[in-house]
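Trainee: From first to last, the protein sequence lines stand for chains A and B.
For the first sequence, the residue numbers in full-length UniProt numbering are 1 to 410.
For the second sequence, the residue numbers in full-length UniProt numbering are 1 to 410.
Note that these hints are calculated values from the structure, not bench results.
Please note: incorrect hints may appear among the correct ones.
Repeated chains share a single entry, so a pair holds when one copy, or any two copies, can fit it.
[Unchecked claim] Below 20 Å or equal to it, Euclidean Cα-Cα: the simulated DMTMM-like pairs (lysine to aspartate or glutamate) are: (1) Lys372 <-> Glu49; (2) Lys365 <-> Asp32; (3) Lys358 <-> Glu124; (4) Lys272 <-> Asp55; (5) Lys48 <-> Glu364; (6) Lys278 <-> Glu49; (7) Lys146 <-> Glu159; (8) Lys120 <-> Asp276; (9) Lys357 <-> Glu159; (10) Lys119 <-> Glu349; (11) Lys119 <-> Asp255; (12) Lys272 <-> Glu123; (13) Lys372 <-> Glu349; (14) Lys369 <-> Asp32; (15) Lys48 <-> Asp276; (16) Lys357 <-> Asp406; (17) Lys259 <-> Glu124; (18) Lys369 <-> Glu49.
Protein chains: 2
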Amino acid sequence: MNSDLVRVANFGAGPSALPLSVLEEAQKGLIDFNGTGIGIAEISHRSKEFQAFVDQFEQNIRTQLDVPSTHRILFTQGGGTAQFSAVVLNLLARHRLLHPNATPEETTLDYVVTGSWSKKAAEEARRIAAGHGTVRTVVDARVYSKDGKSFDNIPPHAEFQFSPAPALIYYCENETVDGVEFAHDAASPASFPFDRLQPAGALVPLVADYSSSFMCRPIPRLADHAVIYAGAQKNIGPAGLTILIVREDCIVDVDTAAKLGATPVPLILSYKVLADSKSLYNTPSVFAIYVAGLVLERMKRHGGLAHYEAVNKRKAEKVYAAIEEGEQKGVFRRKVQQGSESWMNAVFEVLGEDAEKKFLEGAEKDGMKGLKGHRSVGGIRVSLYNAITEEEVDKLVAFMTQFIEDLKAV
Amino acid sequence: MNSDLVRVANFGAGPSALPLSVLEEAQKGLIDFNGTGIGIAEISHRSKEFQAFVDQFEQNIRTQLDVPSTHRILFTQGGGTAQFSAVVLNLLARHRLLHPNATPEETTLDYVVTGSWSKKAAEEARRIAAGHGTVRTVVDARVYSKDGKSFDNIPPHAEFQFSPAPALIYYCENETVDGVEFAHDAASPASFPFDRLQPAGALVPLVADYSSSFMCRPIPRLADHAVIYAGAQKNIGPAGLTILIVREDCIVDVDTAAKLGATPVPLILSYKVLADSKSLYNTPSVFAIYVAGLVLERMKRHGGLAHYEAVNKRKAEKVYAAIEEGEQKGVFRRKVQQGSESWMNAVFEVLGEDAEKKFLEGAEKDGMKGLKGHRSVGGIRVSLYNAITEEEVDKLVAFMTQFIEDLKAV
Chain A
1 MNSDLVRVAN FGAGPSALPL SVLEEAQKGL IDFNGTGIGI AEISHRSKEF QAFVDQFEQN
61 IRTQLDVPST HRILFTQGGG TAQFSAVVLN LLARHRLLHP NATPEETTLD YVVTGSWSKK
121 AAEEARRIAA GHGTVRTVVD ARVYSKDGKS FDNIPPHAEF QFSPAPALIY YCENETVDGV
181 EFAHDAASPA SFPFDRLQPA GALVPLVADY SSSFMCRPIP RLADHAVIYA GAQKNIGPAG
241 LTILIVREDC IVDVDTAAKL GATPVPLILS YKVLADSKSL YNTPSVFAIY VAGLVLERMK
301 RHGGLAHYEA VNKRKAEKVY AAIEEGEQKG VFRRKVQQGS ESWMNAVFEV LGEDAEKKFL
361 EGAEKDGMKG LKGHRSVGGI RVSLYNAITE EEVDKLVAFM TQFIEDLKAV
Chain B
1 MNSDLVRVAN FGAGPSALPL SVLEEAQKGL IDFNGTGIGI AEISHRSKEF QAFVDQFEQN
61 IRTQLDVPST HRILFTQGGG TAQFSAVVLN LLARHRLLHP NATPEETTLD YVVTGSWSKK
121 AAEEARRIAA GHGTVRTVVD ARVYSKDGKS FDNIPPHAEF QFSPAPALIY YCENETVDGV
181 EFAHDAASPA SFPFDRLQPA GALVPLVADY SSSFMCRPIP RLADHAVIYA GAQKNIGPAG
241 LTILIVREDC IVDVDTAAKL GATPVPLILS YKVLADSKSL YNTPSVFAIY VAGLVLERMK
301 RHGGLAHYEA VNKRKAEKVY AAIEEGEQKG VFRRKVQQGS ESWMNAVFEV LGEDAEKKFL
361 EGAEKDGMKG LKGHRSVGGI RVSLYNAITE EEVDKLVAFM TQFIEDLKAV
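With the hints as extra help, turn the sequences into a complete structure.
Mentor: This is the structure we're talking about:
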């Protein structure tokens, strides 16, 4: 096929690029899934062929991320937004079962707010938990920002003030809009302060939104998390699939909790319903699971997470070096403080009137799309998910370097 | 392409068959969506190209089903199961705004139970509405069944006992598991008794689950419905997309209702959030929308709903004639009472030891799959969704006729 001839480099923030070889395999699967004579968009989710595929997909996630047997891997729909509500409902139910007489004031929900998505998650928690629990902001990164109002950093460890026994502790590992991410090196001041969690060593209800950094590198201290979730549409597949990693103690009988006063949990948001049905309570997003499964198989063939971590590190370093060069020469302005930069979404501003427009038009002319920053913050955003190749990054960096030279000269 | 060579006739109940020409078009779209150089599984849901596609998709539904301007067409995820909860939450919020002081006893939710799916919907309503409303069974079809325990009929009009001013009235137009469907001819005793709705002529909160009969023929008295919903994965697309048709008065400010005591509605289940964002609050199931959009375009080219209604009628008549013949000759037993048979899911039993197994194996040998009845009821189920061709039905009927002859002769 000459499929790659028509294709542009897609640096969009999500839905985002997928490997061409996977798309070509999916083309065949659309007509005939694994020799069944039925296409993947048509086959029963209860067919033995699809169930075997899902089992293998789950196993690949478990192996590559080293998910311990204490945690279930579940598949659902509705993206991060559905999980904003689901984690609150399921973990309030868990808390109700553990503390049947806790007052709403005693029932705290701790939110770490480091960007647009964790801010939204906290707002949804306030809606859903109203009358049942108290949403606390553990830390608000804007307080530590350069301009006093932007999300441009991960605050210092000492500033994280967790409750003694919260119903949940929430953070967003990578902020897709703001380009801020927790460092994975535990020694970095921008890493997540696991050691401050209370009570130390217990089954802390720690929730992480990994939507835009899932499967780009290993997850630090995965086993210490209660719930990790991610939409597939960044690193591993099309939109329509959400992956959950849930510790067994967080899969609770929500109906018993409701009898004790907790809010009833809609079937589709109940972790217990998902777990009891092996993620097949109702029809899942079969095609999205299929493509994500193909992506995971490809990752395995290409050396697994260690390989992707090394490549993704190089890709990010190249782009940040170009941003730095632009800043030195007065053409770009970096937006995120040092140490808190995202590997997946590098954001910066292009200085000067109409310069951003010129940057975007020039990039598109050279076959590179999706570089416009989120509408709420503007600027440029370069998303560097797994399917973005080093060649594509090199091409972008060459364009950036030339752009800097041209503008510097003016 | 020789794609059709490998393909079998897929009579599965859902996910189910799609037109080969649509799948071939989707193959191209996977690599390059409408000349963007980006595949449909990779493109931003906020790109102008995809938004134009969604607008056209919505317009096609509106035109073909003749949806009046009083009703919004919305797209979401989570299938019928998500809507089991969503309709209860949204319509309880609406009722709370209309009747701020109504007690749970005064707040009735009327369920018409004619099969496995409406039974499940009523069970979910009991969970979700607990403490806020009272779920009533308007009629239970099992009472009118031949064996006193099966869902095999639509009960007579006189038996539908609606509340005076319920928060919602719920029915499932076609019961996919049981093969029972409301007749579309208003003169039939198995039609929905619209004229018994109270208060007559007012904005009755009538909810219909059209999951397995959406877009197979026109919807009777569509404008009289408050909410109609359907999963795409039967007649028009892959799993992962739910289509909603919601009357404006049912898109309510759920947060104000919550302040008056209603249960908070998770963002993903709020009709107001969907409507305010034109169904793009968060990332939708882009690929499923795309394929469903292609199917609707194809329907338009082929003569629209009138054409499909005529073809589907012939398909159903042929299959029921074969079932009738089998019953006459003691080989099959029909399961559904006359007048209540589904156009989309024809169910019957094969009599005699191992005969069902023989039927299924014989059909599969002849390239026909998906004929096994739902695991909860057994028997044979022939699903006759739009993508099933008359040629495929003729082939199945020929097989059934031969099967009857063979078994009769034994």
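Trainee: State for each hint whether it applies.
Mentor: For each hint, the structure was consulted:
Taking identical chains as interchangeable, the C-alpha atoms of Lys372 and Glu49 lie at most 20 Å apart only when they sit on different chains, with a minimum of 16 Å there against 41 Å within one chain. Proximity of Lys365 to Asp32 under the C-alpha cut-off of 20 Å is restricted to the inter-copy arrangement: shortest distance 17 Å between copies versus 37 Å within a copy. In this assembly of identical chains, Lys358 and Glu124 lie within 20 Å of each other by CA distance neither inside one copy nor across copies; the values are 38 Å within and 54 Å between. In the homo-oligomer, the alpha carbons of Lys272 and Asp55 lie at most 20 Å apart inside one protomer (19 Å), although the nearest pairing across protomers, at 37 Å, exceeds that limit.
For the identical chains of this complex, Lys48 and Glu364 are inter-copy neighbours only, at 15 Å across copies versus 45 Å inside a copy, given an alpha-carbon limit of 20 Å. Taking the shortest alpha-carbon separations for Lys278 and Glu49, only the intra-copy value of 15 Å comes in at or below 20 Å, while the best inter-copy value is 37 Å. When the C-alpha separation of Lys146 and Glu159 is checked against a cutoff of 20 Å, the pair qualifies only within one copy, where the shortest distance is 17 Å, while the shortest distance between copies is 70 Å. For a Cα distance limit of 20 Å, the shortest separation of Lys120 from Asp276 across copies, 17 Å, qualifies, whereas the shortest one inside one copy, 30 Å, does not.
Proximity of Lys357 and Glu159 under a CA criterion of 20 Å is satisfied in neither setting, with 39 Å inside one chain copy and 67 Å between copies. In this homomeric assembly, Lys119 and Glu349 never come within 20 Å of each other (Cα to Cα): the closest approach is 23 Å inside a single copy and 56 Å across copies. Proximity of Lys119 to Asp255 under the C-alpha cut-off of 20 Å is restricted to the inter-copy arrangement: shortest distance 18 Å between copies versus 29 Å within a copy. Taking identical chains as interchangeable, the C-alpha atoms of Lys272 and Glu123 lie at most 20 Å apart only when they sit on different chains, with a minimum of 17 Å there against 25 Å within one chain.
In this assembly of identical chains, Lys372 and Glu349 lie within 20 Å of each other by CA distance solely inside one copy; the values are 10 Å within and 59 Å between copies. Only between protomers do Lys369 and Asp32 lie at most 20 Å apart by alpha-carbon distance; the minimum there is 13 Å, versus 32 Å within a single protomer. Taking identical chains as interchangeable, the C-alpha atoms of Lys48 and Asp276 lie at most 20 Å apart only when both belong to the same chain, with a minimum of 18 Å there against 41 Å between chains. In the homo-oligomer, the alpha carbons of Lys357 and Asp406 lie at most 20 Å apart inside one protomer (15 Å), although the nearest pairing across protomers, at 75 Å, exceeds that limit.
Proximity of Lys259 to Glu124 under the C-alpha cut-off of 20 Å is restricted to the inter-copy arrangement: shortest distance 15 Å between copies versus 23 Å within a copy. In this homomeric assembly, Lys369 and Glu49 come within 20 Å of each other (Cα to Cα) only across copies, at 13 Å, whereas the closest approach inside a single copy is 37 Å.
The structure shown violates the earlier hints numbered 3, 9, 10.
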